[in-house]
Amino acid sequence: MQGEIPNADDWTVLVVDRGPREVQPDPERFQFAAGQFQQAITSVEQQQIFNAMVHNGRAVATALGDNLGRKTCNDMGILGSRVSSITGSGPAIFLIIPSSQEATVRRIKQTLGPRNWEIIETSIRTSEA
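16 is the number of the first residue of the sequence shown in the numbering used here; add one for each residue after it.
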């Protein structure tokens with residue numbers, strides 16, 4: 016997916032490595048999530064890139080039967096993440112948090128810490144094509 020990230024410098028990105036994939040993607044299961052993937056595409060067309068990321072992650076969770084990933088993303092949203100989504104075809108999770116909310120970043124890291132998942136903190140990089 017491509018789209019413009021509003022105020023790219025204003026966001027902190029956390030990438031949560033949940034370890035090796037437990038379920039291999041099955042193309043047939045992705046058929047079950049077609050409606051959710053369509054929501055992601057519609058969001059991109061409407062230039063709502065953050066919503067597109069969330070819809071895509073939910074669709075991936077459905078396609079993979081990744082209930083833990085879906086629950087974790089939902090929990091991170093409650094803690095203050097603007098976007099919490101499963102990457103590509105999983106199993107990593109990425110979070111986009113306003114950079115000004117350092118306490119939220121700390122709280123999320125503390126919440127995920129006991130799970131022994133590697134957390135990589137980075138930022139949004141933009142480039143012109």
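Think of the hints as simulated: they come from the structure by calculation, not from any bench. Note that the coordinates shown come from a computational prediction; the quantities given were computed from them, not determined experimentally. Among the clues, some could well be false.
Okay, derived cross-link-like pairs now, SDA-like style, lysine to any residue, Cα gap no bigger than 20 angstroms in a straight line [said to hold, decoys possible]: (1) Lys-124 - Ile-93; (2) Lys-124 - Thr-102; (3) Lys-124 - Gly-92; (4) Lys-124 - Gln-51; (5) Lys-86 - Glu-43; (6) Lys-86 - Val-38; (7) Lys-124 - Arg-97; (8) Lys-86 - Gln-51; (9) Lys-124 - Ile-134; (10) Lys-124 - Ser-142; (11) Lys-124 - Ile-135; (12) Lys-124 - Thr-141; (13) Lys-86 - Gln-125; (14) Lys-86 - Glu-60; (15) Lys-124 - Gly-80; (16) Lys-86 - Asp-25; (17) Lys-86 - Val-59; (18) Lys-86 - Asp-32; (19) Lys-124 - Thr-77; (20) Lys-86 - Trp-132; (21) Lys-86 - Ser-114; (22) Lys-86 - Ser-138; (23) Lys-86 - Arg-97; (24) Lys-86 - Asp-24.
Are any of the numbered hints broken by this structure? If so, which, sorted upward? Violated: hints 4, 5, 10, 12, 14, 15, 16, 17, 19, 21, 22, 24.
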